[in-house]
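Colleague: Chain by chain, the residues run as shown.
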Amino acid sequence: MPNDVFVVAEHLKNKLSDVTFEMLGKGREIADACGGKLVAVVLGSGTKDLAAQLGVADSVISVDDPALEHFSPEAYRIVLSSVVKDRQPKLTLIANTSMGMDLAAPLSAELNIPLVAYCKGLSADSGNVSVTSQLYAGKVDVESSITSAQAIISVLAGSFAGDAGRSERTPSIEEVRPSTSLNDLRVKFRRLVEPEPSDVDITKEEKLVSIGRGIQSQDNIALAEELAAALGGAISASRPIIDNGWLPKSRQVGKSGMSVKPKLYLTLGISGAPEHVEGMKDAATIIAVNTDPRAPIFDIADYAVVGDLFDIVPALTERIKGAKG
Amino acid sequence: MKILVPMKQVPDLVEELEIDSSGKRLNRDFLKFKLNEFDEHALEEALLLKEQHGGEVVVVTLDMAEADNLLFTAIAKGADKIFKIPGNCDEGIDCHSAAQMFATAAKSIGFDLILTGVQAADDRDGQVGMLLAAFLGLPHVSVVTGLSLEGASAIVHKEYAGGVMAEFEVVLPAVFGIQAARHTPRYAPVSKVRQAWKTSKIETVDGGTVPASNGSVVNRMFKPESGKRAELIEGSPDDVAGKIVDLLKSRGLL
Ligand SMILES: Cc1cc2nc3c(=O)[nH]c(=O)nc-3n(C[C@H](O)[C@H](O)[C@H](O)COP(=O)(O)OP(=O)(O)OC[C@H]3O[C@@H](n4cnc5c(N)ncnc54)[C@H](O)[C@@H]3O)c2cc1C
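Taken in sequence, the protein lines are chains G and E. If you're matching positions, the first sequence starts at 1 in the numbering used here and goes up one per residue. If you're matching positions, the second sequence starts at 326 in the numbering used here and goes up one per residue.
Mixed in with the good hints, there may be bad ones.
Claimed, not checked - In silico SDA-like cross-links for lysine to any residue, where the CA-CA straight-line distance does not exceed 20 Å: (1) G:K13 <-> G:P195; (2) E:K548 <-> E:S346; (3) G:K263 <-> E:R576; (4) E:K574 <-> G:A229; (5) E:K548 <-> G:P195; (6) G:K324 <-> E:G577; (7) G:K13 <-> G:D58; (8) G:K321 <-> E:S575; (9) G:K188 <-> E:G471.
Unchecked claim - Pairwise CB distance ranges, derived in the manner of DEER restraints: (10) E:D564 <-> G:D58: 22 to 32 Å; (11) G:P66 <-> E:W522: 49 to 59 Å; (12) E:E362 <-> G:R294: 15 to 25 Å; (13) G:D163 <-> E:E492: 27 to 37 Å; (14) G:S145 <-> E:K357: 46 to 56 Å; (15) E:W522 <-> G:E318: 42 to 52 Å; (16) G:P2 <-> E:V542: 18 to 28 Å; (17) E:R353 <-> G:S82: 38 to 48 Å; (18) G:G232 <-> E:I480: 26 to 36 Å; (19) E:W522 <-> G:A229: 22 to 32 Å; (20) G:G322 <-> E:R353: 47 to 57 Å; (21) G:E225 <-> E:G533: 49 to 59 Å; (22) E:Y512 <-> G:D32: 46 to 56 Å.
Don't read these hints as lab results, they were simulated from the structure. Beta carbons: idealized from backbone N, C-alpha and C, even for Gly.
All chains should be modelled from the sequences, with the hints used to inform the complete structure.
Modeller: Shown next as structure tokens:
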């Protein structure tokens with residue numbers, strides 16, 4: 001229907017992701033402002049209990065099929081594409097996550113519906129929809145207006161309050177069959193690969209010293225380790241450090257790593273890219289050390305040290321050791 | 326195996342980004358461009374596959390600022406052929422248009438596999454790789470960190486949150502959005518790049534015409550204003566260290 005807002009529910013291992021509720025909360029507001037219905041779309045196999053959690057929506061479209069048991073870029077795209085084509089919602093909200101990236105853009109190209117990505121702000125005023133995208137690694141925001149009847153919006157996790165998307169209400173569920181066969185597809189799910197167990201669980205640490213590309217070399221990590229030891233904390237890192245093989249994956253904070261909420265998060269040479277910030281913005285106290293005064297990390301830090309980590313860290317380690325006597 | 330790597334340039338984020346007087350665009354007078362870092366990972370993965378299985382790596386890019394240098398650098402790293410799509414893109418280009426141009430070019434160049442970077446810093450209207458896949462009607466997987474070939478299929482690892490990955494078997498040809506290559510992207514020595522400028526030739530491939538609008542318009546661009554402003558801790562390194570220790574103590578963290 002022309003004023004409806006669809007939210008594509010995302011789930012893994014039978015658990016709805018937070019961003020699903022965040023989109024539902026925002027979607028509720030937009031649907032009301034546009035005089036349309038809020039519809040949640042859940043694809044999967046045996047997802048009744050998931051659909052039941054989507055009560056903020058006026059209704060739930062559930063496509064339940066064994067071929068949808070695990071997320072698959074192809075099967076999910078085929079099903080979602082036919083649902084959107086059939087129902088013509090005004091807006092389709094899809095998470096800008098790993099799974100969502102395999103849906104939003106392909107759907108846009110296939111159905112010729114415009115897409116605005118990296119959405120961190122969304123509003124509707126007498127039917128006019130405005131989207132704020134977070135671009136340039138968090139350095140510039142771009143506000144766009146939708147100029148066509150329909151649009152797909154891919155929404156960054158953590159942009160909206162999740163509470164507004166949760167409800168005890170039981171939603172009305174409409175079962176829909178896939179319109180085409182999902183056999184003989186070209187993308188086959190094989191298995192989930194779990195991360196290797198690690199010595200340290202950074203999600204349980206109270207104090208994290210987190211290093212980024214500014215640390216420059218593997219040898220320099222010792223500096224940060226010494227500081228973490230003096231603090232009585234552990235060391236975590238941004239993605240490039242893990243991609244370089246300098247620290248194990250279990251130490252990665254961010255979108256594709258761990259989400260952490262320590263009492264103290266001290267960053268050394270991390271720029272504060274949105275994908276990193278997603279995993280640490282809820283830390284109680286954030287202290288950032290970066291040579292670049294414009295680094296986006298300073299936008300979310302409580303304390304900013306504009307300086308060279310190679311000057312600051314040794315001095316700080318020494319002071320802390322001294323303070324503890 | 327012919328692996329096609331479409332590459333795109335993005336504003337260099339190390340430089341200060343300025344918004345022009347219209348308030349809707351970056352000020353292009355001072356903008357420096359560089360290769361999208363995820364495209365560099367896509368090229369690396371392509372080169373690694375070629376080293377393992379043979380075949381050729383073909384790079385195609387749009388006609389903008391540093392295009393020639395980007396292409397010759399790809400040759401220096403081991404690419405076999407380089408293509409440029411004519412049509413000046415210096416004023417910027419949206420991702421739907423870029424993907425359509427790459428799709429037209431890809432059809433005439435030919436390929437068995439397309440690798441792109443997972444995303445780029447200026448993808449306002451979505452990620453080029455996955456748009457390209459849909460325009461070509463090909464299977465796709467994005468956020469790929471591991472890739473191997475098994476007969477006519479590729480086995481890929483797609484990264485979710487928390488270090489969990491999904492493994493997919495994908496019939497080729499397909500398009501993958503590469504998050505990270507198996508190794509840190511190789512470095513091209515300046516001498517080799519210089520040699521490529523002298524000995525290699527950039528071929529031209531048509532990107533067709535693209536529609537003018539993509540269904541949304543930019544109202545304004547602005548630097549994000551954070552709700553809470555960080556408090557500056559200033560002084561000599563030792564002063565700074567002292568102040569940090571004080572605040573850690575006051576917050577019961579030491
Ligand atoms: C799908 C997807 C998922 C992703 N998931 C994650 C994730 O989970 N976690 C993550 O971190 N990233 C993730 N990324 C990558 C993310 O986009 C960034 O590339 C990454 O976070 C940048 O890491 P960085 O800040 O260490 O490096 P950079 O952005 O290169 O920043 C380095 C910083 O160090 C500063 N610096 C340099 N020298 C010094 C010095 N001597 N002293 C002090 N400061 C210095 C520089 O000013 C700069 O700000 C993901 C990307 C994608 C596309």
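Colleague: I want to verify a distance hint. Is the separation of the beta carbons of S145 of chain G and K357 of chain E within 46 to 56 Å?
Modeller: violated (29 Å)
Colleague: Take a look at whether the Cβ-Cβ distance between G232 of chain G and I480 of chain E falls inside 26 to 36 Å.
Modeller: Given about 43 Å between the Cβ atoms, the range is violated.
Colleague: The hint says 49 to 59 Å between E225 of chain G and G533 of chain E; measuring C-beta to C-beta, is that right?
Modeller: Between E225 of chain G and G533 of chain E, where Cβ atoms are some 54 Å apart, the hint holds.
Colleague: Indicate whether the distance between the beta carbons of R353 of chain E and S82 of chain G respects the range 38 to 48 Å.
Modeller: Holds, since R353 of chain E and S82 of chain G (Cβ atoms, about 41 Å apart) stay within the stated range.
Colleague: Run the distance test for K574 of chain E versus A229 of chain G: straight-line Cα separation, threshold 20 Å.
Modeller: This hinted pair holds, its Cα atoms lying about 17 Å apart.
Colleague: Quick check: does the Cβ-Cβ distance between Y512 of chain E and D32 of chain G fall within 46 to 56 Å?
Modeller: Taking Cβ atoms as reference, Y512 of chain E and D32 of chain G lie about 54 Å apart, which means the hint holds.
Colleague: Do the Cβ positions of W522 of chain E and E318 of chain G conform to the proposed distance bound of 42 to 52 Å?
Modeller: holds (50 Å)
Colleague: Within 20 Å, alpha carbon to alpha carbon, are K324 of chain G and G577 of chain E?
Modeller: It holds: about 13 Å lies between the C-alpha atoms, which stays within 20 Å.
Colleague: Regarding P66 of chain G and W522 of chain E, is the given constraint of 49 to 59 Å on their beta-carbon distance met?
Modeller: holds (56 Å)
Colleague: In this structure, is the beta-carbon distance linking E362 of chain E and R294 of chain G contained in 15 to 25 Å?
Modeller: With a Cβ separation near 19 Å, E362 of chain E and R294 of chain G satisfy 15 to 25 Å, so the hint holds.
Colleague: Please verify whether K263 of chain G and R576 of chain E have alpha carbons no more than 20 Å apart.
Modeller: The hint holds at about 9 Å.
Colleague: Do D564 of chain E and D58 of chain G keep their Cβ atoms within the hinted range of 22 to 32 Å?
Modeller: violated (59 Å)
Hints 5, 7, 10, 14, 18, 19 from the list above are not met by this structure, while the remaining hints are.
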